[in-house]
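In order, the protein sequence lines correspond to chains A and B. So the first sequence is numbered by the UniProt record's numbering: it starts at 1 and just counts up by one. So the second sequence is numbered by the UniProt record's numbering: it starts at 1 and just counts up by one.
Since the hints were derived computationally from the structure, they do not count as laboratory data. This structure is a prediction, so every number in the text was calculated from the model and none was measured. Beta carbons: idealized from backbone N, C-alpha and C, even for Gly. Certain hints may be false.
[To be verified] Below 25 Å or equal to it, Euclidean Cα-Cα: the simulated DMTMM-like pairs (lysine to aspartate or glutamate) are:
hint : chain 1 : residue 1 : chain 2 : residue 2
1    : B       : Lys411    : A       : Asp154
2    : B       : Lys434    : A       : Asp234
3    : B       : Lys415    : A       : Asp154
4    : B       : Lys44     : B       : Asp333
5    : B       : Lys232    : A       : Asp152
6    : A       : Lys243    : B       : Asp333
7    : B       : Lys411    : A       : Asp97
8    : B       : Lys411    : A       : Asp228
9    : A       : Lys63     : B       : Asp68
10   : B       : Lys415    : A       : Asp64
11   : A       : Lys243    : B       : Glu239
12   : A       : Lys243    : B       : Asp243
13   : B       : Lys242    : A       : Glu60
14   : A       : Lys243    : B       : Asp419
15   : A       : Lys243    : B       : Glu235
16   : B       : Lys244    : A       : Glu60
17   : B       : Lys242    : A       : Asp154
18   : A       : Lys243    : B       : Glu423
[What the hints assert, rightly or not] Chain A is faced by these chain B residues, among others (derived, beta-carbon under 8 Å):
hint : residue
19   : Thr26
20   : Ala67
21   : Phe77
22   : Ala99
23   : Ala102
24   : Lys104
25   : Ala249
26   : Glu402
27   : Glu405
28   : Ala409
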Amino acid sequence: MQKQAIFQSKLLPYALVAPQLAIVLIFFYWPAAQAVIQSFLLQDAFGLSTAFVWFENYLELFKDPAYFAAIVRTFAFSFAIAVSSLSFALLLAVMADKPLRGSTLYRTLLIWPYAVAPPVVGVLWVFMLHPSLGVLSRYLRAMGVDWNPLLDGDQAAALIILAAAWKQISYNFLFFLAGLQSIPKSVIEAAAIDGARPMRRFWTVIFPLLSPTIFFLLVINIVYAFFDTFGIIDTMTRGGPGKATETLVYKVYTDGLLGGNLGSSAAQSVILMVIVVVLTGIQFRFVERKVTY
Amino acid sequence: MVFRRLGAAAAAAATLVFASPAFAVTEIQWWHAMTGANNDVIVKLANDFNASQSDYKVIPTYKGGYADTMNAGIAAFRAGNAPHIMQVFEVGTATMMAATGAVKPVYKLMADAGEKFDPSVYLPAITGYYSTSKGEMLSFPFNSSSTVMWVNLDALKKANIAEIPKTWPQVFEDAKKLKAAGYTTCGFSGSWVTWVNLEQLSAWHNVPLASKANGFDGFDTVLEFNGPLQVKHLENLVELQKDKTYDYAGRTNTGEGRFTAGECPIYLTSSAFFGNVKAQAKFNFTAAPMPYYPDAKGAPQNSIIGGASLWVMGGKSAEEYKGVAKFLTFLSDTDRQIWIHKASGYLPITKAAYAKAKEEGFYKDQPYLETPLLELTNKEPTENSRGLRLGNMVQLRDMWSEEIEQALAGKKTAKQALDSAVERGNQMLRQFEKTAVH
Numbered sequence: 001m002q003k004q005a006i007f008q009s010k011l012l013p014y015a016l017v018a019p020q021l022a023i024v025l026i027f028f029y030w031p032a033a034q035a036v037i038q039s040f041l042l043q044d045a046f047g048l049s050t051a052f053v054w055f056e057n058y059l060e061l062f063k064d065p066a067y068f069a070a071i072v073r074t075f076a077f078s079f080a081i082a083v084s085s086l087s088f089a090l091l092l093a094v095m096a097d098k099p100l101r102g103s104t105l106y107r108t109l110l111i112w113p114y115a116v117a118p119p120v121v122g123v124l125w126v127f128m129l130h131p132s133l134g135v136l137s138r139y140l141r142a143m144g145v146d147w148n149p150l151l152d153g154d155q156a157a158a159l160i161i162l163a164a165a166w167k168q169i170s171y172n173f174l175f176f177l178a179g180l181q182s183i184p185k186s187v188i189e190a191a192a193i194d195g196a197r198p199m200r201r202f203w204t205v206i207f208p209l210l211s212p213t214i215f216f217l218l219v220i221n222i223v224y225a226f227f228d229t230f231g232i233i234d235t236m237t238r239g240g241p242g243k244a245t246e247t248l249v250y251k252v253y254t255d256g257l258l259g260g261n262l263g264s265s266a267a268q269s270v271i272l273m274v275i276v277v278v279l280t281g282i283q284f285r286f287v288e289r290k291v292t293y
Numbered sequence: 001m002v003f004r005r006l007g008a009a010a011a012a013a014a015t016l017v018f019a020s021p022a023f024a025v026t027e028i029q030w031w032h033a034m035t036g037a038n039n040d041v042i043v044k045l046a047n048d049f050n051a052s053q054s055d056y057k058v059i060p061t062y063k064g065g066y067a068d069t070m071n072a073g074i075a076a077f078r079a080g081n082a083p084h085i086m087q088v089f090e091v092g093t094a095t096m097m098a099a100t101g102a103v104k105p106v107y108k109l110m111a112d113a114g115e116k117f118d119p120s121v122y123l124p125a126i127t128g129y130y131s132t133s134k135g136e137m138l139s140f141p142f143n144s145s146s147t148v149m150w151v152n153l154d155a156l157k158k159a160n161i162a163e164i165p166k167t168w169p170q171v172f173e174d175a176k177k178l179k180a181a182g183y184t185t186c187g188f189s190g191s192w193v194t195w196v197n198l199e200q201l202s203a204w205h206n207v208p209l210a211s212k213a214n215g216f217d218g219f220d221t222v223l224e225f226n227g228p229l230q231v232k233h234l235e236n237l238v239e240l241q242k243d244k245t246y247d248y249a250g251r252t253n254t255g256e257g258r259f260t261a262g263e264c265p266i267y268l269t270s271s272a273f274f275g276n277v278k279a280q281a282k283f284n285f286t287a288a289p290m291p292y293y294p295d296a297k298g299a300p301q302n303s304i305i306g307g308a309s310l311w312v313m314g315g316k317s318a319e320e321y322k323g324v325a326k327f328l329t330f331l332s333d334t335d336r337q338i339w340i341h342k343a344s345g346y347l348p349i350t351k352a353a354y355a356k357a358k359e360e361g362f363y364k365d366q367p368y369l370e371t372p373l374l375e376l377t378n379k380e381p382t383e384n385s386r387g388l389r390l391g392n393m394v395q396l397r398d399m400w401s402e403e404i405e406q407a408l409a410g411k412k413t414a415k416q417a418l419d420s421a422v423e424r425g426n427q428m429l430r431q432f433e434k435t436a437v438h
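Chain B with its partners taken away, still in its complex shape (with noise of 0.2 Å):
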């Protein structure tokens, strides 16, 4: 008796579980990196999306930091198991374009999915780092930043410095006054040491860092980056490190409190930075442009950005697909863009987000926010400023920060330095060839 009450209740609920998705609707796992007000614009926009139609259901779950998520999704993946968005930070870009096969390109997706798509809409100079070198979108933009100088304004008075520097010499010679005025453990720094030394710089003074476009023409690229100019910047370093006028803050944004505690007035960081200077510094503070070397031709260039894409991960179905294509459309929405920017700081990805948001008068406040996109569209990106598309970038970054801190140690001159971060980093990119999916 209890058997058989048991076994209808059973078939009951077998009958509700294989009969649901007939009628429910289809769920979307949006895996990503995201924490604090960040997580809530994350989760704002997932609820948006579910209200807004009643077909498909976005779950977004929050992994780890960037290099957890990444990790999660790949083993996710070997599992056979994967979410079917994924946010993967800039530095991932080459590993998950290898892994063809593993992802849905997201031009692929729109045109499978017969959702409305042009390319054109959005910003090229940030879309252009997740597109093939055809322009064809790989992955969608999602938080966006760039690197910008976060200049202590008081600090500048106190050291009597009327304007803001705008080149590295006057950068050089300004820290100089501001250590003599009192700041003399760090006149300025910055974090992400390679982003902001090399890469940008390279991308910012329109010169390769690797051959191939920045390998964006194809795995078989060479680094380059130990020209004179990369050379001569990172002697300046070496030489300023010495004093303190510039003083090493680390790897990662570690030392991004030097800034906010009034330790060093001048800083070259993420432009993500906002919400921190925001909450802590309590000085008058603004975000210029990166400087340049006046003597190099064409600087400045455009800067190249960083933050992360949304990856659609392969192997699932039209319908998953076709759910996952309309929340992209959702997501480039012009109100809804400006509302992301206002809300986290990062880019608008869209040419009528950034024009509305600069109608409505948002940068007249804050100046600062709209540095980034200055420098992004400061002029049309070329081969050596779209971006960068190097394989086990994570692992190259880490092999760079070791010999430009070898360099500032005083162990290795600036030149033996950077040509041996290119010949250490050509090798791991041979092997990451050999190991890429053709």
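Isolated chain A, as found in the complex (with noise of 0.2 Å):
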């Protein structure tokens, strides 16, 4: 028995590799690369001046109390984010997971929201609560409700985690779904045969079992409520009230695509792309701990 492929060929197994090895060199490596030296240039919109200024760009944004506060806001949407979603379609999913009559039918509705794209997901919430085109905006007015996300930073910001997180909770039901229909129902069944009751099978037995699931979900929410919110936000509030709903990937599209400060934004994406590295690295160091596979 041969455990292991063996290549007649040396040059096979590159040969296979490469088309792999060239579209990540070519769709991330090579990208990354240029922001990293157009981080490092001060140039005009149109490439027609260049000059070289070494870490200017990084320490302007050090220097601005309004980079940090970008940062800080980005995690606490990130966190307000996935944890609302993932609690959410959590409880969705162990509901769907009953056997009901319909319930494929419930189960599929449930996902449908997944196939939206986020700038429709925003403009789905506009129609509903914006100040002034909203519907339900126009009765919460009428009803006395002083609703302006306008000009209410908190309301905006509520406002864009609810949609952002609406947005996630039919990826994240579908793999929580998938997880618990994967839990041998013996294991619950001599739970409950043992006395316990529902919630204590549920914390004591699914939950432990389902803990590579989220631990998969909470990667990817964070990853998601970092970078693809971006549509959600300028659809709904271009990062206003204030600063009260720019995060950090909102204030590279601003700063580099409207503003023409590549440097700045090329800056801003390089740190991004730094903080994102090591907030994976710290989940697969130590969340992955208490994960029991």
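Since each chain sits alone in its own frame, please combine them into the complex, following the hints.
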């Protein structure tokens, strides 16, 4: 019995890996390297005058208290989005996992929102809750609620978190449901026979068995909250009011694409890249220890 | 055999391709940001021009919103593939102007192409925005608008207000009456908060927004809009926001629906809002001039424009420039300007077109279409009212909006907010100055 595949030709394994490597190089390392180079430059939008400024773009950022505020805000948003969408999705998955009539229909309906693109999600929520355009906000105002996320930063932040979490629930739900269904029924039945009530069965049997799924989703959700909420912010608040909803990714966009300040924007992307690498490292180093596979 | 035939076909095709420029028309790419009815206007202009002669062909391409079009043009330029004509919104003016070599100034283009061109036939309030302080036209005005005060006449009647308010104190008082008459959530409001309440306000009262003639005389300009007039105005808005006599409606024009839906009876925004008002408002309306503070000396001055102009990109052949120049002459034609004015609601750019439209009695039926023109031509433009020439204007506006929002939310006083907006804006201007091509 051979356990390892043996390649007759020495070149074949390289040839097989080459397309994958090429794609990674072209679509990840090359642009990433470009970003690093650009972050050391000061350049006008047209690329007509370029000056090499070493770390000036980074220093400008670290001098700017608004940038630190954006970092803190991004972490707070990510935490809020991850926790709320994960917990709500888990609740839905546990309920949908019950043997119910027509459960396939419920499950399909719950998965649907995932197929909606983030800007569309933004627009959907805008039509409901935008202070001027929103259908619900007109009723809210008529009822005497001072609903104005254009001026109230907390309301705007809540709106973004709500929309972003809502969008991610389906994805989480899908994985939780699959995770729940892969737990052997006999284990749960054994716990039931031992007299464990549903809540106790959930926390001592199901939840630990689900931990690899939770860990995976935690990583995915934080990355999502960091990067994919851009479309929602752009359609709903454009970073305002004040800077109440400006996250790191959105700042990269406004400074680089709208402001034409490519150097600072590139420096911000590099920092963002480092933050996500460190964050993922921490998750795998520390959080993963608590996961039982 | 098959190969030989293919080869022959390829050769024939190649001859066609390479030979064609000798007798074919010169193509002129025109990138723009117009949608709906205004897109139709652009397409018709291109078609009419193409039909009027056989040497050149203008090809209009829609490239998304204003910012998208500009970014697409910049990206295309970096790739060596820029269009000939690019529509750029007024806030992109300084960025385009700073890019010496990337653009071909219109006055140079016309002179090089030997096209007849007299800058004095254009309305100075409009072309002033796009000219150097020496009066050299850098870009060609295409669609211009200005800020006006849209008024729901039925609402005024309901609140027993006999006259359309002319001054800010009157607006505040009337807004309170309107609020008492049932418009509880919004007495008055407006779009583009910095354009209306900082940029236009300063020009209308003949006070500077920034030094060096609002940036016209150099990129080493500093912001100066934290003066007593602007601070007082913002203080008034902050006070009125508390009980919704004024209700903030956002940085851009997403709040305009509150006027057409009848929620805000007085609303300051662009005169180009006309199309939507006409289509959606179920009440009598008009567009009045912007209000002013009667105790400010010399107010009202003249307003400044919004909208976009056509920039000619650099690095094209003389033949192509000739076509572009002919097209700009074609656009300047009096009857054509009147047609654009009527079809799009944007302003005519030549004095002759304005005079002729007036003579035809066009403004008798629709007096509100003349309001922005009256504002723009109210007085000879001064250093403070010619326009704005600030780099990174899109970002600057966002930054100023942030500060105004903080004041309106009660987190800062009006003075603190404007001081901070000036200070942060100056930092950005210094950065722009560093990257601008000298």
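Now for the hints, and whether the structure bears them out:
With a C-alpha separation of about 13 Å, the suggested pairing of B/Lys411 with A/Asp154 holds against the 25 Å cut-off. Pair hint B/Lys434 plus A/Asp234 does not hold up; C-alpha atoms about 29 Å apart against a cutoff of 25 Å. The hinted pair formed by B/Lys415 and A/Asp154 meets the criterion: a straight-line CA distance of about 23 Å does not exceed 25 Å. Proximity of B/Lys44 to B/Asp333 is assessed by CA-CA distance (about 15 Å); at most 25 Å being required, the pair is judged to hold.
For a cut-off of 25 Å, the pair hint linking B/Lys232 to A/Asp152 stands: about 23 Å separates their Cα positions. Using a Cα cut-off of 25 Å, the hinted pair A/Lys243 and B/Asp333 is violated, with the two alpha carbons roughly 47 Å apart. Between B/Lys411 and A/Asp97 the alpha-carbon distance is near 48 Å, which puts this suggested pair outside the 25 Å criterion. A hinted pair counts as satisfied when its Cα atoms are at most 25 Å apart, and B/Lys411 with A/Asp228 does not qualify at roughly 30 Å.
Of the supplied pair hints, the one linking A/Lys63 and B/Asp68 is violated, its CA atoms being roughly 30 Å apart against a limit of 25 Å. Proximity of B/Lys415 to A/Asp64 is assessed by CA-CA distance (about 21 Å); at most 25 Å being required, the pair is judged to hold. In summary, the hint linking A/Lys243 to B/Glu239 is supported, as the alpha carbons are separated by about 22 Å, within the 25 Å threshold. Distance hint between A/Lys243 and B/Asp243 is fulfilled; the C-alpha atoms sit about 24 Å from each other, no more than 25 Å.
Between B/Lys242 and A/Glu60 the CA atoms are separated by roughly 37 Å; this puts the pair beyond 25 Å, and the hint is violated. Distance hint between A/Lys243 and B/Asp419 is fulfilled; the C-alpha atoms sit about 17 Å from each other, no more than 25 Å. Distance check on the hinted pair: A/Lys243 and B/Glu235 sit about 21 Å apart at the alpha-carbon level, within 25 Å; holds. Our distance criterion of 25 Å between C-alpha atoms is broken by B/Lys244 and A/Glu60, whose separation comes to about 39 Å.
For the given pair, B/Lys242 sits about 17 Å from A/Asp154 by alpha-carbon distance, which is consistent with the 25 Å threshold. Straight-line distance between C-alpha atoms of A/Lys243 and B/Glu423 comes to about 16 Å, which keeps the hinted pair within the 25 Å bound. With a least beta-carbon distance of about 25 Å to chain A, the hint placing B/Thr26 at the interface is violated under the 8 Å criterion. Proximity of B/Ala67 to chain A holds as hinted, the smallest CB-CB distance being about 6 Å (cut-off 8 Å).
Because the smallest distance between the Cβ of B/Phe77 and any Cβ of chain A comes to about 6 Å, under 8 Å, the interface hint for this residue holds. Of the supplied interface hints, the one on B/Ala99 holds, with its beta-carbon coming within about 4 Å of a beta-carbon of chain A, less than 8 Å. Residue-level restraint check for B/Ala102 holds (minimum Cβ-Cβ distance to chain A is 4 Å; threshold 8 Å). Contact between B/Lys104 and chain A, as hinted, is not supported at the beta carbon level, the nearest pair being about 13 Å apart and thus beyond 8 Å.
Because the closest C-beta pair between B/Ala249 and chain A is about 6 Å apart, less than 8 Å, the hint holds. Hint status for B/Glu402: holds, given a least beta-carbon distance of 5 Å to chain A, under 8 Å. Taking 8 Å as the C-beta cut-off, the interface hint given for B/Glu405 holds, the closest approach to chain A being about 4 Å. Nearest Cβ of chain A to the Cβ of B/Ala409: about 5 Å, under the 8 Å cut. The hint holds.
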